[in-house]
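Use these hints to put chains F, U and E onto chain H, whose structure you have.
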Amino acid sequence: MITLTEAPFDPGALLGDFSRGRTETGAIASFTGLARAEEGAAQILELEAYPGFTEARIGEIAEEARARFSLDDFLVLHRVGKIAPGEAIVFVATAARHRRAAFEACDFLMDYLKSKAPFWKKSHGPDGARWIEPTSQDHADLGRWEKESS
Amino acid sequence: MITLTEAPFDPGALLGDFSRGRTETGAIASFTGLARAEEGAAQILELEAYPGFTEARIGEIAEEARARFSLDDFLVLHRVGKIAPGEAIVFVATAARHRRAAFEACDFLMDYLKSKAPFWKKSHGPDGARWIEPTSQDHADLGRWEKESS
Amino acid sequence: MAKVLLFGRLSDVAGWREREVAGATVGALRARLAAEDADLGEALAAPGVQVAVDQAIVRGDPALASGAEVAFLPPMSGG
Amino acid sequence: MAKVLLFGRLSDVAGWREREVAGATVGALRARLAAEDADLGEALAAPGVQVAVDQAIVRGDPALASGAEVAFLPPMSGG
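Chains as they are written, first to last, in the working numbering: chain H, 27 to 176; chain F, 27 to 176; chain U, 5 to 83; chain E, 5 to 83.
Just chain H, with the same shape it has in the complex (with noise of 0.2 Å):
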């Protein structure tokens, strides 16, 4: 499932809904990203979805994600609009048979999310408000999957 909330949230009661009464997974792989206070610099974090779109093309990415790493199941949820510095921006969570492929799945999504997913990123700091562009990072890192793809 692949939700967009301008509400905080709980990875805990996330992750605690989605483990919940599963018999035949034997791997439950999770990452929570959180925005950094980085000692008092603190930026407001602000993203802009394209509504229906956005979703789509996570969708298209997670179920790619299903095919390749044989997932039972995932779970992406991804905050938008303004984000205070301790929040919780985005929590993915991949269930496989296998801990390989959970972990994976779960790498392989979140490379895409802060890379090349429909978000537009503005960070509100003291000299005022920017947009920031991807980082060389997360290009390196979805490198990687496409190298082992091709």
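Check each hint, because a few of them may be wrong.
[Claimed, not checked] Just so you have them, the derived chain H footprint on chain U, three or more residues with Cβ under 8 Å: (1) 24-36; (2) 40-47.
[Stated by the list, open to error] BS3-like mimics (lysine-lysine), calculated; alpha carbons at most 30 Å apart, straight line: (3) U/Lys7 / H/Lys108; (4) F/Lys147 / E/Lys7; (5) H/Lys147 / H/Lys108; (6) E/Lys7 / F/Lys148.
Hints were generated in silico from the structure; no laboratory data involved. Heads up, the beta-carbon is just placed ideally off N, CA and C, and yes, glycines get one too.
Okay, now just chains F, U and E, sitting in the frame of chain H:
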């Protein structure tokens, strides 16, 4: 923190506690290992630990992971005793500034826990009980880290 | 008329996010927007800006059905 | 006297988990256990069985302080 427990636990509650109140951690990875039901060929899993010794050995590896991956924090909770299908066996969470470190540390700890940690594992099936030795996949997984460090 | 949506820095440049704009093709919309606001016209033509019609990425200069939703998307930054 | 602990299949072979056993060294303990129970003696000598004295892995035939805790550990399987 390294904890062994005979009681079932909720991975969601653990992740909730672990992630709350962090301001400088950007990334939290978690892994939950569940006992599979194997489509009705359900086996009760029984794990034996050597109290004190087992926590200390896991703690050594976790401190190695903390240094190697610059972790902010980690949590390892492991069941011992009899574990029913569908129940969680192990929960590992790692916190770091960046996601690559959090993922790799969680993966590294799980490889150790599944293949070398001081547990003795018995499976109670329809044909009686048998002790389970580590699989070659577990050793191959662990070998990934040994190669990288050489 | 098409419903035009601007995302990211494009809406900062334009000062609006959503507007009805007349135009039979994507190219005609671009021309009209550029004629009204040269800065926006330049921003829409910048490298990496993609266009989605009814939530599907398009290339070239497709014709627009009446009521189409046309979104201009700057490079996506991830979340 | 040492406190001997058996783990995993070793305690199944022996039929006990914990016992006080007399012996001044690890080797002397092994000999006494093997004399009482040949199957256990063989299991203790199997490849991969490690010995911990007071929760630290030892090799060879170290001397034992009175009240030492001596654990025989079959290959660890992970959790």
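Each hint tested on the structure:
1. Check on the stretch 24-36 of chain U: 0 of its residues sit with their Cβ under 8 Å from a Cβ of chain H, so the three-residue criterion for coverage is violated.
2. With 0 residues having a beta carbon nearer than 8 Å to a beta carbon of chain H, the stretch 40-47 of chain U misses the requirement of three or more and the stated coverage is violated.
3. A hinted pair counts as satisfied when its Cα atoms are at most 30 Å apart, and U/Lys7 with H/Lys108 qualifies at roughly 26 Å.
4. With a C-alpha separation of about 23 Å, the suggested pair F/Lys147 and E/Lys7 falls inside the 30 Å cut-off, and the hint holds.
5. Under the criterion of a C-alpha separation no larger than 30 Å, the hint pairing H/Lys147 with H/Lys108 is consistent with the structure, at around 10 Å.
6. Of the supplied pair hints, the one linking E/Lys7 and F/Lys148 holds, its CA atoms being roughly 24 Å apart against a limit of 30 Å.
Checked against the numbered hints given earlier, this structure breaks hints 1 and 2; the rest are met.
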